[in-house]
Amino acid sequence: MTEPLLEAREVVKRYGQVQALDGANFTAYPGEVVALIGDNGAGKSTLVKTLSGVIRPDAGQILVEGSPVSFSSPLDARKYGIETVYQDLALAPDLDAAANLHLGREIYRWFKPLHVLDKAEMRRRAVTAFADLGIHLPDVTAPVGTLSGGQRQSVAVARAVAYASRIIFMDEPTAALGVVQRERVLENIRRVKDRGITVVLISHNMPEVLAVSDRVEVLRMGRRVARFTTSETTVDQLVSAMTGALTIEEP
Amino acid sequence: MTRPTLAPEAPGTQPKAGARRLHPLVRRTLAAGETWVFAALIIMMAIFTGLSPGKFLTLNDLSLNAQTTAPFLLMAIGETFVIITAGIDLSVGFVLVLCGVVAGEYYQSNGGATAGVGTIWVGAILGLLTGAAFGGLQGVAVAKLKIPPLIATLMGLGIAEGLSYLITGGHDLATVPNTLVSSIGTGSIAGVQWLIVISFLTTLLFGLILAMTRFGRYTYAIGSNPEAALRAGINVDRHLIKVYALSGLMAGLAGILNLAYFATTTISGHPLDNLVVITAVVIGGASLFGGRGTMLGTFFGVFIPELLATGLIIAGVNQYWQYILTGLVLGAAVYLDQIRRRLRERA
Chain A
1 MTEPLLEARE VVKRYGQVQA LDGANFTAYP GEVVALIGDN GAGKSTLVKT LSGVIRPDAG
61 QILVEGSPVS FSSPLDARKY GIETVYQDLA LAPDLDAAAN LHLGREIYRW FKPLHVLDKA
121 EMRRRAVTAF ADLGIHLPDV TAPVGTLSGG QRQSVAVARA VAYASRIIFM DEPTAALGVV
181 QRERVLENIR RVKDRGITVV LISHNMPEVL AVSDRVEVLR MGRRVARFTT SETTVDQLVS
241 AMTGALTIEE P
Chain B
1 MTRPTLAPEA PGTQPKAGAR RLHPLVRRTL AAGETWVFAA LIIMMAIFTG LSPGKFLTLN
61 DLSLNAQTTA PFLLMAIGET FVIITAGIDL SVGFVLVLCG VVAGEYYQSN GGATAGVGTI
121 WVGAILGLLT GAAFGGLQGV AVAKLKIPPL IATLMGLGIA EGLSYLITGG HDLATVPNTL
181 VSSIGTGSIA GVQWLIVISF LTTLLFGLIL AMTRFGRYTY AIGSNPEAAL RAGINVDRHL
241 IKVYALSGLM AGLAGILNLA YFATTTISGH PLDNLVVITA VVIGGASLFG GRGTMLGTFF
301 GVFIPELLAT GLIIAGVNQY WQYILTGLVL GAAVYLDQIR RRLRERA
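So the protein sequences, as listed, match chains A and B.
Residues in the first sequence are numbered from 1 upward in steps of one, following the numbering used here.
Residues in the second sequence are numbered from 1 upward in steps of one, following the numbering used here.
Keep in mind that the hints are not guaranteed to be accurate.
Simulated coverage check for chain A against chain B, where a stretch passes if three residues somewhere in it have a Cβ under 8 Å from a Cβ of chain B [what the hints assert, rightly or not]: (1) 92-98; (2) 101-111.
Examples of chain B residues toward chain A, derived with CB under 8 Å [what the hints assert, rightly or not]: (3) G187; (4) M212; (5) R214; (6) Y220; (7) A221; (8) N225; (9) R231; (10) G233; (11) I234; (12) D237; (13) R238; (14) R292.
Honestly, the hints are just simulated from the structure, not real lab data.
We treat Cβ as the ideally placed atom computed from N, Cα and C, and that holds for glycine.
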């Protein structure tokens with residue numbers, strides 16, 4: 001197999017008495033959709049936060065393309081081309097799609113130290129970014145708070161795609177959506193993959209995981225307990241691994 | 001290392017605007033708070049002009065209005081930024097007094113009524129710095145100590161008032177440089193009072209900053225969703241401190257103009273300025289929940305109560321109706337904001 005793009009080795013994270021991650025491993029390869037699954041409290045969110053720079057692990061190593069890195073904030077992770085679509089989307093509802101797309105990465109015009117926003121350019125790039133993903137927004141100048149849940153999700157995904165050069169984490173992207181919107185998100189994931197970006201999908205929904213992922217890694221009690229190739233896997237196997245009936249890796 | 005993914009590309013899949021939908025510009029104009037405020041202003045002016053043809057809205061009325069309103073307008077500039085971050089600044093009228101006292105104290109011990117231009121500048125700058133520093137400290141209380149803005153600035157209000165009385169011993173300082181009074185205070189340039197020139201230009205400047213720059217954009221973003229701003233890499237705490245410092249700075253500038261206009265520190269003359277200013281900003285369409293508001297709206301909002309007062313007097317109606325009407329307008333403004341929010345959440 002090719003060299004892993006992102007790798008977590010023996011990552012440990014403790015919150016007081018709670019051992020959220022107990023030597024967890026995780027691997028993502030270039031250009032794949034890898035699903036990270038596990039029961040509530042298995043450590044999925046903690047692991048994702050560790051890998052996207054939101055929290056620092058107590059022990060263990062994170063490697064990007066084989067070399068160890070240390071993220072002290074999400075900004076550090078971004079420098080490595082790692083973006084996250086948060087479960088709550090992290091959008092400013094009063095700002096329009098273009099403003100949200102460029103939040104914290106505004107484009108300026110005129111004398112740069114004045115930080116005068118180049119709104120036309122940002123809007124133009126936003127329209128292009130949405131079109132690239134096949135997303136149709138009726139009006140990029142409408143506050144995102146006025147958009148539907150699915151459209152908002154699309155804005156958050158487009159933002160991540162616009163800046164991610166290596167990996168996008170998607171934390172429960174479909175949890176709050178209806179059936180039609182859910183389908184759109186899965187379509188978005190496929191499109192991102194087509195652009196050669198690795199997607200790490202955190203999900204509870206087994207049929208969804210099987211529909212969209214190439215591989216599945218299973219966490220239980222802060223450790224990776226199994227890895228599957230999706231095409232050779234069934235829902236039953238995934239559930240067994242999540243609940244502890246099946247362990248493929250050494251504990 | 002970010003990849004320039006956003007390279008221009010023939011957008012063959014441009015979203016088509018629905019034919020039955022309103023043009024985005026029309027829709028946005030109708031949705032904007034300041035459109036309604038402006039409409040209210042026009043209607044009011046029409047009614048009053050109808051009630052007393054020829055008397056209302058002479059240039060003289062307008063400039064008198066604008067002159068007495070200058071300090072409120074300046075404080076409303078800072079308050080607009082604060083309210084857009086979903087904060088509130090109750091301290092403004094008291095910071096105004098404190099800054100006037102600091103400048104006045106400096107003038108009294110440096111030439112008094114005959115002080116020269118250099119002294120005037122130094123005193124004014126001391127006053128402005130006092131305002132900015134005071135506001136900045138309130139910002140630290142809000143951003144770093146996580147004290148709710150209402151309480152942080154209520155605390156600041158008390159401290160500013162106490163300091164003003166302690167510094168002056170409770171007696172207004174009335175030895176203000178003549179040059180300051182005759183120029184900034186009551187003088188004009190090209191036929192327009194300095195108070196108007198300064199307050200309007202400052203409003204324009206900060207209106208542009210709010211609408212066009214990163215500073216303004218971050219102000220909206222923080223008020224709209226602080227967590228999103230934080231995750232987007234915005235230094236939320238530092239920005240909040242700057243916003244409160246700006247509010248203090250504007251109160252300081254208002255304090256200098258107030259000192260120049262009245263030629264005294266008016267220590268006990270501003271107990272309700274904060275409420276007047278907050279009313280103006282909210283009437284102007286800014287949302288107390290943050291994320292919404294414009295400087296144009298605030299500008300209209302500042303003049304609505306003033307025009308109401310003048311209009312009522314000229315129309316021969318008891319002027320105390322002004323307070324009742326202003327209260328109703330304020331209630332209507334917040335109710336509109338609530339409706340807008342509810343509609344959006346349903347979307």
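For which of the previously enumerated hints does the structure constitute a violation, in increasing order of number?
Hints 3, 12, 13 contradicted; others consistent.
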